[in-house]
Amino acid sequence: MQRYLPVADPKIDLRAEIKLANRRLLRILVLVSIGMFGFGFALWPLYTIFCEATGFGGRGVQEVAAEDLKQYQNQREITIRFDATVNSGLNWKFKPVQTSKTVKLGEISQTSYTAANLADQAVIGHAVFNVAPPEASLYFVKTECFCFTEQLLEEGERKEMPVTFYISPDLPDDIGNITLSYTFFENVPATLALNEKLATDKFNDLNTNTLTTNDT
Amino acid sequence: MPTTTHEDHHDHKPQGFLNRWVFSTNHKDIGTLYLVFALLMFFIGGSMAMIIRAELFMPGMQLVQPEFFNQMTTVHALVMVFGAVMPAFVGFANWMIPLMIGAPDMALPRMNNWSFWILPFAFSMLVSTLFMDGGAPAGGWTLYPPLVLQTGSSFIFAMFAIHMLGISSIMGAINVIATILNMRAPGMTLLRMPLFVWTWLITAFLLIAVMPVLAGAVTMLITDRFFLTSFFNAAGGGDPVLFQHIFWFFGHPEVYIMILPAFGIISEIIPTFARKPLFGYTSMVYASASIAFLSFIVWAHHMFTVGMPLGGEIYFMLATMMISIPTGVKVFNWISTMWRGSMTFETPMLFALGFVVLFTIGGFSGLMLAIVPADFQYHDTYFVVAHFHYVLVTGSVFALMAGTYYWLPKWTGHMYNERLGKWHFWLSVVFVNLLFFPQHYLGLAGMPRRIPDYSPQFADFNMLSSIGGFAFGLTQFMFVYIVWKCVRGGETATSRVWEGARGLEWTVASPAPFHTFETPPDIDDSMVAHGDHL
Ligand code: HEM
Ligand SMILES: [Cu+2]
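Chains as they are written, first to last, in this note's numbering: chain A, 49 to 264; chain B, 4 to 537.
Next comes chain A alone, as it looks inside the complex (with noise of 0.2 Å):
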């Protein structure tokens, strides 16, 4: 680093020698600065490998076409408890049909869940869905679930949504039951593009059948 020394040389001017020396250490730590901007938004990736491993936030849910499936036998039981939450910002009843089931290891498994859709047009909803222990989520397949697409419901439709999962008999003996946990979200964009659609739909019949009756 640079400093004032006792030099002794008149002529070498070290106010612009230290003023160099500060121009320098600007730039590298405004670097250092956006590095650590950038490091910010880095840990978005980093909190999703964080996940993956761990299986926190549901994340190590597997997805698994049934004929991929292999057989097992003679695994032990475990109990699966089922819950539902509706967004605050959705205008739905969601339940599961059986709140909870023991099932063997390594066994398919189906269950459903139950959606009614109370508001006064049609709707476009889409479930989130978490796995309590986490890290009972890493052996957690599903092959069928109503959280892989969005979900549309007409005014006043009510749907049952089945599941289809099985738990790997991987799964630690410390893990007696396991949570399966849904939350409903409305997917905006999509149910105002739906409704925007219908209108003009509705509109456009109306229009049709004016000229229709006209013509005759």
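Take these hints with a grain of salt, some might be off.
Rough simulated footprint, nothing fancy, chain A against chain B, three-plus residues with beta-carbon under 8 Å [stated by the list, open to error]: (1) 150-161; (2) 180-192; (3) 207-213; (4) 229-237.
FYI, nobody ran anything at the bench for these hints, they're computed from the structure. Cβ atoms here follow ideal geometry from the backbone N, Cα and C, with glycine treated the same way.
Since the structure of chain A is already known, use the hints to place chain B with the ligands on it.
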């Protein structure tokens, strides 16, 4: 006689208000600006605290609407953290660092001017959100989504204000680092620097490391709200818990940003009034550096209850508790410095002693909070409120008061009124404990924080706390009066001011001339700050 004209020329200040203050590049004037601004913010934030304590004086809703109450807790915290405590320490850095290391000014004087003048604009914007449609942000200073995203039209103004504060802090920090690394007088080696300079150097690195991370988090909030990204939006595949991780990655180092310079001030004052060198100077330096390092790896102790893997809880518990080791070293060294010293108890020393005792209480409640199973009960209760007010008010703010009384004669050339100063200390110390100590009990009994009403069993302690709050608030007008009187006049101060004072700042006249150390001073050991070193 030529000398007088030379002196006059030497002390030549820019003429006119604009030139002197608005365009100032002088470290002393900018330091003064920072300090005055911080004091103003202290009173603005303080008046919000008075509204909070008035509403909590009795159970039931008496004075304000719940939404407004929540705006008060949020804006009070933002103003105190970013407007009062941080700028006050930057003010001390501006005034004292060049004087302590024998430099003529800060390294980058124009940037210094800029970093100060951003602040009034940022805070006008932040405070103006109170008058906007839907009011100021009300989701707490921690800005957790999704709640903060529901703020009314003031959201973007508050976020932009935080961005500006961040930029100001980063520029201030760069300036401090460049000054300390490049501008030291010959002979002022790193391990001869006063501890205040050391702690500020470390603080500046913390600032550069974490303020940009906060800026990143705020930017993500903005894009989530306006550009339909889903960083923190569960419906779109994001996770609100991620925000908490990013925020506290900034937030925990931030609390050390607010306490390390305080450690530095206390380490200057205690040796002066104990008339002994600082015990364990080098261990103080290493303790500060390890506190700073550890502060990066403990952040999740603020989020034990979000549902972390068990291994994570245990790791963050143990890492957090480890911080109390270097902190303990510091407290031990302060006490050893006083051991068998010839102590006198002028106001700066009283505040410093108050700091040592009361900050340590805050450290102990911090340790209690670090115990995971206990924190499940304490989290989001008044126990947390008591903890951080002990470390921040009787810690950081007491250190700021101590430092003001200590260097005020150097700044103004006059002695302050010692009798009033002592009154200010004793009233403050009694009322601040009346204000915050009962909050420990409230928290242990389960009273949640950030709630405008409470059930009747909490009534007595809340009333005591409110009375302490009003009295503490009123007492601070004494501080303004004492400082004002001291600026205007008073007994003339000598250059050394205090019998036991050591360090380069005491070798210049009082008040410190407008320009100092234009030529680097010759340093001998008797001028170097307290340290049993070398
Ligand atoms: C021995 C040192 C310390 C330990 C072990 C410690 C521990 C903790 C813990 C575990 C919490 C979280 C409590 C909860 O929310 O449930 C907390 C909160 C807090 N601490 Fe400390 N702390 C220490 C020192 C400090 C210092 C020096 C400061 C500031 C100068 C500070 C400021 C805060 C603040 C502001 C909060 C509350 C943040 C919020 O939720 O709004 N702490 N502390
Ligand atoms: Cu912390």
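Compare the structure with the hints numbered earlier in the document and write down the numbers of the violated ones, lowest to highest.
When the structure is compared with the hints, only number 1 turns out to be violated.
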